[in-house]
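Chains as they are written, first to last, in the numbering used here: chain A, 46 to 478; chain B, 46 to 478; chain C, 46 to 478; chain D, 46 to 478.
Any given hint could be a false lead.
Stated by the list, open to error - Computed list of lysine-lysine pairs in DSS-like fashion (alpha-carbon distance at most 27 Å, straight line): (1) A/Lys429 <-> C/Lys450; (2) C/Lys256 <-> B/Lys57; (3) C/Lys329 <-> D/Lys298; (4) D/Lys52 <-> C/Lys364; (5) D/Lys444 <-> C/Lys364; (6) D/Lys429 <-> B/Lys444.
If you're looking for bench data, these hints aren't it; they were derived computationally from the structure.
Here is what each chain is made of, one letter per residue.
Protein chains: 4
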Amino acid sequence: MAYSTQKLHEEKVFKDPVHRYIHVRDQVIWDLIGTKEFQRLRRIRQLGTTYLTFHGAEHSRFNHSLGVYEIIRRIVDDVFANRPEWNENERLLSLCAALLHDLGHGPFSHSFEKVFELDHEAFTQAIILGETEVNEVLSRVSPVFAQNVSDVIAKTYENKQVISLISSQIDADRMDYLQRDAYFTGVSYGHFDMERILRVLRPREDQVVIKSSGMHAVEDYIMSRYQMYWQVYFHPVTRSSEVILTKILHRAKELSEKNYTFAHEPYHFLSIFKGAVTVKDYLKLDESIILYYFQMWEDEEDPILRDLCRRFMNRNLFKYVEFDPSKEYKKLNELEKLFELAGLNPNYYLVVDSSSDLPYDFYRPGEEEERLPIHLMLPNGELKELSRQSDIVDAISGKRRTDHKLYYPKDYILDDSSHMEVKAKIKSILGLE
Amino acid sequence: MAYSTQKLHEEKVFKDPVHRYIHVRDQVIWDLIGTKEFQRLRRIRQLGTTYLTFHGAEHSRFNHSLGVYEIIRRIVDDVFANRPEWNENERLLSLCAALLHDLGHGPFSHSFEKVFELDHEAFTQAIILGETEVNEVLSRVSPVFAQNVSDVIAKTYENKQVISLISSQIDADRMDYLQRDAYFTGVSYGHFDMERILRVLRPREDQVVIKSSGMHAVEDYIMSRYQMYWQVYFHPVTRSSEVILTKILHRAKELSEKNYTFAHEPYHFLSIFKGAVTVKDYLKLDESIILYYFQMWEDEEDPILRDLCRRFMNRNLFKYVEFDPSKEYKKLNELEKLFELAGLNPNYYLVVDSSSDLPYDFYRPGEEEERLPIHLMLPNGELKELSRQSDIVDAISGKRRTDHKLYYPKDYILDDSSHMEVKAKIKSILGLE
Amino acid sequence: MAYSTQKLHEEKVFKDPVHRYIHVRDQVIWDLIGTKEFQRLRRIRQLGTTYLTFHGAEHSRFNHSLGVYEIIRRIVDDVFANRPEWNENERLLSLCAALLHDLGHGPFSHSFEKVFELDHEAFTQAIILGETEVNEVLSRVSPVFAQNVSDVIAKTYENKQVISLISSQIDADRMDYLQRDAYFTGVSYGHFDMERILRVLRPREDQVVIKSSGMHAVEDYIMSRYQMYWQVYFHPVTRSSEVILTKILHRAKELSEKNYTFAHEPYHFLSIFKGAVTVKDYLKLDESIILYYFQMWEDEEDPILRDLCRRFMNRNLFKYVEFDPSKEYKKLNELEKLFELAGLNPNYYLVVDSSSDLPYDFYRPGEEEERLPIHLMLPNGELKELSRQSDIVDAISGKRRTDHKLYYPKDYILDDSSHMEVKAKIKSILGLE
Amino acid sequence: MAYSTQKLHEEKVFKDPVHRYIHVRDQVIWDLIGTKEFQRLRRIRQLGTTYLTFHGAEHSRFNHSLGVYEIIRRIVDDVFANRPEWNENERLLSLCAALLHDLGHGPFSHSFEKVFELDHEAFTQAIILGETEVNEVLSRVSPVFAQNVSDVIAKTYENKQVISLISSQIDADRMDYLQRDAYFTGVSYGHFDMERILRVLRPREDQVVIKSSGMHAVEDYIMSRYQMYWQVYFHPVTRSSEVILTKILHRAKELSEKNYTFAHEPYHFLSIFKGAVTVKDYLKLDESIILYYFQMWEDEEDPILRDLCRRFMNRNLFKYVEFDPSKEYKKLNELEKLFELAGLNPNYYLVVDSSSDLPYDFYRPGEEEERLPIHLMLPNGELKELSRQSDIVDAISGKRRTDHKLYYPKDYILDDSSHMEVKAKIKSILGLE
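Using the sequences and the hints, build the whole thing.
Okay, here's the thing in structure tokens:
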């Protein structure tokens, strides 16, 4: 029997708190899960530093990747199978792309990518196409299979239907993470009737559409997403921990560039500092490695690196005030000067962080987050873009919301043992009584 | 105002998936949570290697410790407050003991304790009484307070009521972990009506008892516990990962004792290998550190250490067969010899693991797990031990159940590229046709 | 001890699927629950005919009334107690008004009120103030207490804070029914974080406000309400069953006015038909009585009454098409003529039903549904109306959505055994190919 | 296309709070649901008078019947389909038997059957085989189909596999009602991992067995069932309401036999009183009819009937004391005499009620509740009876638990306005201070 259609002798199931059970019957999927590149995702948290705000959010990307796979499996096996618009040959490809779509995520991706100009999507492709166990498994399916999987994830695969399953404004990725992140954080947002949505998904020529009878479930999903962004993903405390993490990486890189001698040599970081990281180096990075270095660096001589690492490890975060970038840059400049005077390097201790989200968007070609809009299929087969059918989605569609905050170490500012006068001025500007 | 009664200006709440919210109003509790020793519990998983079986089980002891605190808080503030049998002065002590009861747990405690003869309870006391941030906070309450907290956890405190709250056969510890572990693994066991149980807890002279009207909720708790033990805690795959972990530690220790030169020197382990670990050393250990070393050791020269580390990191576990210790020791000896012949050190590659549990026990003085039995309070005030009132508890009371399995690397045995004949014999004994 | 402060010897608890437990400690509340007027609410369904669409929706107003009481109890006992802005003397009044707010609901209120021009709020007051067991209990508290309870429910009580607790755009009534109706129907809408909302409610001079930190939970509540209206309350199938029910009542009234001789005399309806119903008569009506008559009427001689009753009892409902009142009245007139020709009385067999909802509204004096808007309290104590703070609420605020449908008996129209030609025209107009 | 294989043009779904969705694709099933005999089940509560104890328990047998159907549908379509041991021709038969298994239940069946010596199973068969809409639908499938459905429900059908699906110690009936009754009452018992159990069910020659890997889920089901019996089904307050209901029926029958002239003639009861009820009469009975009469009888002249009806309608129930039938009959006789003296007819006002359950039983031929035991299938295909594999089931297997209580009207006994002396004796015997 061809490897691509080989079934396990007995179906394997994973107990999953979100989808109850994750079912694996394909030998290919089972083999992919067993690769060391996929197992590595166990050591990378799904929500980065969010566990410092919501203590339940300790779940990994391994967890989420299985969930996305399971959603796609239910769609292709329970909903699409035997529909003429669906090509059964795309089944295994869809399952593999779902399982592997986050394979290239590194530890605390968001901060790493920002500081070191890395791109997890490029690494996903490099791992799938490189000399890895994952590539070995995929290549046993067919010579082009690894490339196809990579193309689906890169959104360049020719069959747009498959791309739309994996990444659109209502794809399996989002449906899994909203529910999963809600489950592990324990918030009451993030719930919507996924079972209903799955039942009304339909394959069409070049996309996946939703029967209009499911519109309200989709509205609910859009609102869930909106709430999760502002209540969980952009939580100001999480952003504080990310600010600190980012500044640790900045500092380490800066020290390295200045030929600072680390008491504990950062072997794992060397190629990254130089901007020349290989896939092999990259795969050695995970969050246990990062946390190891951060703990080592708690005793480094450099006071900034040491302080930031201690803050991060012991959750002694920065506090924040609202910041209006359209009016307050002068104030920021003034604060920067005062921080210098107070002995606090403003590059590390005075940080503006901005978060921004579009709850839903119809298509605007060329725009940054170019995800396809959601199309409803009316009973007569006609397609309508969601915001034209739903009052509530129309009301929020295309409205970008942005939030700016200014982060700083409140404990240092309140500490009167030095620079009393300067700190008094800072306190007055920041509104600390 | 005395530090012991100081309240936060505004109550702090943690979103918790199990108890919905965890409420902190006491300054002392808030300060304890902020200590670095308590924050360290974020880096120690509640269920050790169980995440390799149940992928959701990635939650930390930090998580659980807050949960136990919250349960005790609800008991003392909502149920016991204003009852004459309850001494309000024990309130803060109970809360602190609840919060800190697991403080001395190290990474993968179970295996560490076995291999290195450590005792997490002794470390809990040493941290509470030593030169730590936790001790500093507790000492601000009163000079004897840290000692009292330590005594409650060590079960030597004079007021047995408080001890019975924190550790008995139905204490806040167990009530939290059963529910929490069920939540994160996603299994459908582990549920019982905790709200009902809390409402019928009553302080009595030297213990906490349960009004007999709550008996059925308690039966349900006992059954939940039984199911969780056999379905989750003693899951054979989890035991396999623990066997490997234990053998890694054994091997590293053995190599160190034999003066093997590690390519990557195990600094963090040195004092442990020598059996002379200090509290300060101990506090530096957490699971990210351990995983760092395991990854380093994947490239060690020693083939056993290298192999076991790779197995653990990439989840390539041992398989098992049932083993009957009363009849099969001869068979085990034979297998040991064959493993030697096949080039597999049986000390590391052929492991009997036994798990054993008592679902509930009435009091048997002198017995190992000397937890107090559960007493029901009848409407007339009389106390009756649970198994005398409940048919179902009586039926399972005192019945120890034990399970033995023999673990081995199936992939090696099935690999025919060497020692074909010996392996054929092994396969025949193990029933691998 | 005064009756108003008398506590039960032991707290009574009701197991409630929505709030887990409902707690009763006040003798007055316990006595009110035991009155026959309150027990009657067990025989009146919360959602009228909705059980014909969502089979789980069989819960009664008894159920809901206890829930509203419990929410108010938690607010006044756990959140408001000891706040200077809250007058503890209003506690019992608030609890009683919560428990009794729906006391005057009759069977299938919506249809009954429309056909017979009854007003359940007037009956609530009449029952509270009349010669009833409820009045007897309330009068034992104080001579004015029954009047006060009635005033709170009628929104004329002087302390507007209390009114705002019981009826506003985010009151205990709505918070209970959204969750309860979601629970019993099984839909996935209707969830929001009530625990969070309760925790941030604050009494202010003349209203109850919400701390702005709870804004997102309130947004979620508003969205839940919106979804419940369109997914559950205005479900087109439910509206069909209500159309039939209404027409049964119309027909029975018309027949009575025409001195038709009922085979089964409708004793319970006589005073209602005459528009002269007393409180005593009214209290004898409940849904078992109505269903008794409907079953009797299945054998009445009048073909319309008989047919409609059989349809209702056996759930053989009308079907519907969309109807645009701004354009399609001519079509409706034409249909009416054709229905006459086909032997179907259009007054009973061709019915336009319109449903309309405002998801949220800021204050517009004089408007029909004059519920107070929701005010957020900023950290500085300032109040802001919700839609000024929330983008998402602003987007939907004040936007009335209306839906019109035309109901008719499809089975009759499709039955070709008579009036073939006329029915062919009707089918063509209704789009039944 | 044959009626038996005809599919609906579009699948119909019912929103169900327990199973999320109930799916109907077969025309036969859809037609059965639409019959008036099946719709009648909406007016018969699943748990009789239990709603007087657990206010959420207002759900109907309609509700439950759909649930049992859905479970069987999942088994035959998702688990059994394509297994050689399963005969696909039994599919529709299994679905119909599941849907209709409770069709013959009357209002408050338990009490009705006791007083009038009726048998709901005989009525189920009579409805299926008689001149009914249900029979008409079934007969369209094939001439013998109605008889086959009836035989499955009566456990006389030749293929025992099908019988074992519908009624055994772990059948779809029990799995639905445990979960459903738990959901609507809101108790925390009644949960078990049904999804797991369904996945490990296997058809064998003459029964349905369970793969031994599912043993723990089955243990959990057995324990759930045990708890539900004692916490919900045999709740002493529910038994009180059933005692009163039974006594109302007794009294009405006795009065009728004595030619008492009812102010409100009980037409619906006449044939029942005479023991000559036809299927047609029987189908007219439902709980709204019964409640109509009970309300009418609240004003009957007979003081006992009047009093009992008022008690039932207004939930003024009897209280109870424990009763030991092995020792206390003398006491009971004495009480009977005293009740007579106090003017209380002991036949109606002093009632012993006994409830008894076997949590699980292995096979004991000839025993009353002759449900087949549960067989586990070991990996080698061998079958073992559950209690031989499960310690916990073995511990409770075959152990009948019985509870006896003595019910009486406490309010009358405490009322000192008459028979003071006699009542003092009664109080002393009953232990009322």
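Status of each hint after checking the structure:
About 22 Å separates the Cα atoms of A/Lys429 and C/Lys450, which keeps this hinted pair within 27 Å; it holds. Taking the CA atoms of C/Lys256 and B/Lys57, the gap is about 15 Å. The hint holds against a cut of 27 Å. The suggested pairing of C/Lys329 with D/Lys298 holds, with an alpha-carbon distance near 25 Å, which does not exceed 27 Å. For the suggested pair D/Lys52 and C/Lys364, the alpha carbons sit about 21 Å apart, so the restraint of at most 27 Å is met.
Among the hinted pairs, D/Lys444 with C/Lys364 is inconsistent with the structure: their alpha-carbon atoms are about 55 Å apart, more than 27 Å. For the hint linking D/Lys429 to B/Lys444, the alpha-carbon distance of about 22 Å falls within 27 Å, and the restraint holds.
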